[in-house]
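Order-wise, the sequence lines are chains A and B. In this text, residue positions in the first sequence follow the numbering used here: the first is 1, and each later residue adds one. In this text, residue positions in the second sequence follow the numbering used here: the first is 1001, and each later residue adds one.
Heads up, some of the hints might be wrong.
[Claimed, not checked] Here are the computed lysine-lysine pairs in the BS3-like style, where the Cα-Cα straight-line distance is at most 27 Å: (1) B:1476 / B:1390; (2) B:1467 / A:137; (3) B:1264 / A:137; (4) B:1187 / B:1543; (5) B:1605 / B:1505; (6) B:1540 / B:1187; (7) A:271 / B:1575; (8) B:1553 / B:1540; (9) B:1553 / B:1543; (10) B:1559 / B:1540; (11) B:1553 / A:137; (12) B:1361 / B:1449; (13) B:1056 / B:1264; (14) A:271 / B:1363; (15) B:1401 / B:1361; (16) B:1449 / B:1476; (17) A:137 / B:1541; (18) B:1476 / B:1383.
Simulated from the structure, these hints should not be mistaken for laboratory data.
Residues per chain, in single letters:
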Amino acid sequence: MVISLPAPTGLLKNVIPPCRVVWLFVIFFILQDSAMALPRYIVRADFSNVRAEVLVNDIPVAMLGPGDSSPFVVPVNQFVVKGRNSLGVILHAGPDIGTADQPWPNGVGAPGYTGPATATIRIGYYAENETALGTDKPALVSLHWEGMATPRPQRLERAFDAAIEAAPFAWQSATPIAVVDAATRVQALDYLGRLHALLAHAQFDEFIGEQSVKLEEIAKVAYGVPADYMRAPMLQALRAHSAPPYALEPFNRDDIDLRLIANGRMIECLKRGRRPLFEFRRPGSDETLSLPVMLGRIDGRWQVLR
Amino acid sequence: MSDDEVTESVAHMIYRGRLRICTAIGLGGGSQAKPARAVASDRIAADREMENLPFKGNAFRFESRRYRFVLAARWRPLRTDGDYRLVPEHEARSVVGRMAQTLARSEEERAALHGAAAHLSSVRDDPVGAVALLRTPPIYQIVVGQAPVSSSMTPSRVVKLREKKPVPCNLSFLEITAAPTESSGCKSVRNGQVRLNQALKRNQSPSLLKNGQVFQITANSSANEPREVTITVHSEASCGADTHPRLDWSDSEESGLTHKTVRKLKFFREPQPGDTARIGLFAMWNAAFSHESTTHAIVASSCGVPAASGGAAVASLGAVIEVFPADQYTAEISLPAFLKPDALEYSKSSQNWTSARDKDKEKIEEAKKLGSEVYEGDAKFMKEAGISRKDIRDFAEEQEKRRIGYLAEDPPGLKIEISQQDGNRLLKASVDEILNLCRLVRESEYRFKQLQLWFEKLQWGPGVGFKIECQFLILKLSAKWGYKEYTDDRVFLEYGGSLDLDILKAEAKISAGVRFAGMADAIVFISGEGVLGLTVPEIKKEKPDETVRAHVKPRGELKFSGGVEGTLMWVVQAKGSVSVPFSAETEDLEVFTERGVISGTVVVKREAVVLRYDLSMAGAFSMGGKSDDLVKEDKWSFPFPPQPVS
């Protein structure tokens, strides 16, 4: 639990630097709030000059490129299950998710993708008040690679065990999909089209409602905080980025790229070129709001599971 | 009275100087009356011009004659004193032109002489704003009584009589001899021979000097024995021991004239601030560079009648003795890395900086009292948190010590020795100014360590913490400088030394709480170590013609880098590297030059950092293309000489 406190003012400010006073308060509040948040599984990636897609249990958790800051960390409680898990990386991942593990010598960015490269991916388990960058803890498992950047994907994977007491996530019991065939694609796109329509009509409560399983699981089950902890900022971000000059990107069925993830339990939905499917953009600016979607079918009904 | 008697009488009057041969100039006669304001303005301008002229309005020797510049308006009263007469305009311009070539000791004086020459031409029309050149009459050798004065003698015959029977009286050369002293630099006797029409050839014949040449020497203060310079007038022939050769001289004690051929002159340098009272380090440091030399004119004169017909007439030879301080300066400064945390605990007692320390103690006591008040204000909470009153008081005391740059004692390893060797005595500078420097360094260290001065949107929370060690200005300097006499007529500033300066050496491990996009709490991790410095390798200037410039080499790199980690479910994906660069710059920094040992300002800057990033919340939503000001710019300046810290 993060406690944000104002810097001390007045008498205290003149005598004691903020850090000292704040630490006292922090200790006080930590004692009171420590039960709220759960320990975290955090993936840390240290990389250089490499395109690397990090996966936990075959679910993409980060896509890193040569221009991104290293190290990069991402908490992954929502993808870690009780018992056996896997940490994977697709090195030199292709520009489209549907063919992420296929060579892409003619793909966008391929000519400049060269030179020495390294990647070290590790996953660790951290107490609620610990950070991956600030805590020197041994990894549960790690993957290390160094070589030359080349547009030929290479997949590495290692298993690790996790002791989790919480109930299984819904995606673990989603209907397995062997392949995204035409029929599956049509069904998925139909569902995605309805979600897009909700966004287009600014029906944000309904849009968030369609993700109730996802938000509930991530907030409460994975991290031990109320679902509102996610709903509120999500709604705030949607309202802030949906009004002009922001505009929702159109829904073009032919441009949508789907791939099976979570060992066939979910489908990741992006546009070609790894662009977000649901995205509000501000013309002439890099500012965007995107809403990642991973679908699954439970009891014959498509749902947003991550 | 017969014609012969009149002639003889006139000749006698000319000889005695009562009758002058003078071009009639109607001063003021032809000028238009000017308004009073214009007249006053002209006079002020003329006065200023007079101030810039060599010897100003005083008499001086040139080409065997005594000259004097006066304001034209002040010429009339001098007409009756029997010594001076106005030099005719056309001749005056020529004389002043020659003066500009041989007498001027600087470009300013040369310009003033040329300006005076221009104003000479307006004497007739503008007696108020003009400058007049006066000179004494030549001493005519009219031999009365040796040649029979015929009854037919006329004034023209008197002149002929003078020309017909000259008595040889001619200068050969003027010799300047300066024996070496311990501090003079040149270990051999320096000798200068001033001859007429002598060209200056320092490399081939360093002792040959041209007429009017400046001969530079060094001398100590009047607390020492004077520097002696021997002037010897060498004559080809003399008209008589009572008249020629004549030597007009001046030294640091007096001035006068003599008809003896040898004169020992005594010189001291000009008084300096450190002669009578202990002065600050940088006052002593800069004394050699801000002093003004003194000059003393030496003029030998004769009739200018060569012994042999066809020989060159040398009526006058002159030189100027220019005196520089002989003081030799040495500096050994070592400012160690005394800013480690344990350096707050200085235990030795000290004799230095008593008053400043007392003031500091008062401030520290006030801080401790304030600490007690803080404790009492939150006593309940403090007790619950297990913090004692002593903890708070000690903490407040330590913070105040850091804030004011408190120095209880010379930091271990601190070495400051600035000395000025003035002949037999050694002057030591007060090191009070180093206190200023130490305070500035301490204050900078304190500010550098204030985390809230680093981050724009700093937040406190779990995982936030920092350890910052920094040391500003770890300095090692050794230098020697002072004026030295060279083997020829010159004095030059000899200097040498080396400098090694760690401007900033820092080590940091920071985890700072920052709120991104107004909603996401994250922790920025910054760590690293490095040093920014300057090195000036050993240099030495030992000859006047050498051009020695210190090559100041910046060295090192200081950049803290790291990453960003969102708290709980937040993910911050930064674009580019997350790093905080520092840079060191110099402003007008000069090290080891003719203008000073070290002067200027060293500036350390922490660059502002704007972070570009994408922000996402556990896959619920993701905001791209965001940017936030992350790190504040900051700047630390260290001027040399250091300024007091308020």
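Checked hints:
no.	hint	result
1	B:1476 / B:1390	40 Å, violated
2	B:1467 / A:137	20 Å, holds
3	B:1264 / A:137	87 Å, violated
4	B:1187 / B:1543	14 Å, holds
5	B:1605 / B:1505	13 Å, holds
6	B:1540 / B:1187	19 Å, holds
7	A:271 / B:1575	22 Å, holds
8	B:1553 / B:1540	17 Å, holds
9	B:1553 / B:1543	24 Å, holds
10	B:1559 / B:1540	35 Å, violated
11	B:1553 / A:137	42 Å, violated
12	B:1361 / B:1449	22 Å, holds
13	B:1056 / B:1264	26 Å, holds
14	A:271 / B:1363	66 Å, violated
15	B:1401 / B:1361	9 Å, holds
16	B:1449 / B:1476	24 Å, holds
17	A:137 / B:1541	59 Å, violated
18	B:1476 / B:1383	49 Å, violated
When each numbered hint is compared with the structure, violations occur for hints 1, 3, 10, 11, 14, 17 and 18.
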